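Protein chains: 2
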Amino acid sequence: MNITGSTRVFYCIADPIAQVRAPELFNTLFHRHGVNAVMVPMQVKAEHLGETLRALFASPSVGGVALSIPHKAMASRAVGRATHDASIANAVNAIRRGEDGVLEGALFDGVGFARSLERLEINISSLQVLVIGAGGAASALAAALADRGCPHIALFDPDRFKAEQLARIIRAAYPTCMIEAVHSNDPTGFVLVVNASPLGLRPDDPLPVAVDRLGTDAFVYDILMKGQPTPLLREVHQRGLRGEPGFDMLIQQTGPYLDFFGFPELARAVAGEEAELRQLLEHSERV
Amino acid sequence: MNITGSTRVFYCIADPIAQVRAPELFNTLFHRHGVNAVMVPMQVKAEHLGETLRALFASPSVGGVALSIPHKAMASRAVGRATHDASIANAVNAIRRGEDGVLEGALFDGVGFARSLERLEINISSLQVLVIGAGGAASALAAALADRGCPHIALFDPDRFKAEQLARIIRAAYPTCMIEAVHSNDPTGFVLVVNASPLGLRPDDPLPVAVDRLGTDAFVYDILMKGQPTPLLREVHQRGLRGEPGFDMLIQQTGPYLDFFGFPELARAVAGEEAELRQLLEHSERV
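Chains A and B, in that order, are what the protein sequence lines are. Anchor point for the first sequence: position 117 equals 117 in my numbering, and the numbering is continuous, going up by one each time. Anchor point for the second sequence: position 238 equals 238 in my numbering, and the numbering is continuous, going up by one each time.
Hints are not guaranteed to be accurate.
[As the list claims (entries may be wrong)] A few chain B residues facing chain A, derived, Cβ under 10 Å: (1) Asn2; (2) Ala22; (3) Asn27; (4) Thr52; (5) Leu56.
These are computed hints drawn from the structure, not numbers from a lab. All values derive from a computational prediction rather than experimental measurement. Think of the CB as a built atom: it goes at the ideal place given N, C-alpha and C, for glycine as much as any other residue.
Please model the entire structure based on the sequences and the hints provided.
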């Protein structure tokens, strides 16, 4: 990678930051396809997000920003326009400068998650799903599930108000989906359990759900990537159940991300490189 | 270069930006010595410099900022502490976060320039020097010349007030140096002529000095790096006179820069790699 004065710079903003994987993924693709661009990490506290986005987008060197925990919901307030998915979830994980200078936001977690479930041959049209978390990622995932015909979603978040608010939003957008905030994270009876919370990022985090209460047909999707296998997935695998980390969800949204950031050809090329990218992410997580 | 979430990010801020060479130099060194850091370019307009520095230094991912045209003078107002060189020149080309959180500024153009003159075996202790420009770089170079015993410096800038102000500052700090703002950029009689102005960055810029009026013993130091040889150096070489572009001045200040940014071992290693670094900069300027 040869960074010069004219290199376009993309940012991956999160807090904490060590766990983000987008820079590695994007830089591998930029490098492999000879694109003069780079993505760098930037740890930003929530209270500095607004001023940071203003400063970054005042610079013509900055091509766009990817957002991760905990900024997705708050970043949606910094944009002037948002895609359909982003509007429903009130969250964005990508921001670019529009042609007229207005900031545009998009949310690719939903499409990444949905594509990943397809790849895993999980048919959501008859499933009861438990989603842990009610932040930006959970919003995107719940909307993607509802949009693709999932009949029943239970949302659990320690902040009950947040979960109820999210349920109301999804219900309004997708009236055919039964979605409700639940009092407990008990996974009994759910075939698909999704951890869309940060639980597992810190070593002393409790498990998002009690693994011994999962049914034998349960599938656990933990959207975290750092520290694989997470304590949750380790217990899931120990019980002989199926589980998936967040790598594929990131890979499956990389094409839409690149397209949004102005690299449509690169976006098309990525489709054929999924296996390599998954290897890259899994390998570097182990070292 | 493997950029991860925990990579420390350094910035090179300028406007325009395409000509900056620090990212290439620093990234080569970071990569070669296995340092988990990267430097990226950032084009920032003067009116956004303050808010950009505030936003960057609010992020723990940001290790430091290198500043180039036109920000060196203005950036000195954003720091809470400055080195001796930076205080005299009222300019900084490097900013880091101090241990107590206060921003610290330093100016390495002077030391880079002085070391480069030594390498070229130009003894300034008996020279009359003409400096074109009165901005941040010119301040640093004039102070470095005065500090190292140069007896007579003429400063020319189209903004006469700026040149007079700089002359006053240098005179106050180095009373033994005869330094004065001059009305003309006529190089007649000067053995060392230094272009420390941006003239030459744009294709339609006039030459900083009339080359046909240079003496046969004249040496022209043009601190620009982009578009080598610059129109100035091309004419100088055509006349068979000696001239030097800004590469060496950048290379000679890289050690102090790295030390300031918290990489003392890397700073020591650089001393043995000057020839390679010069080749790198010269080569990539030609391609």
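Right, here's what the structure says about each hint:
1. Asn2: Hint on Asn2 (chain B): holds, closest Cβ of chain A at ~7 Å, below 10 Å.
2. Ala22: 9 Å, holds
3. Asn27: 5 Å, holds
4. Thr52: 4 Å, holds
5. Leu56: 7 Å, holds
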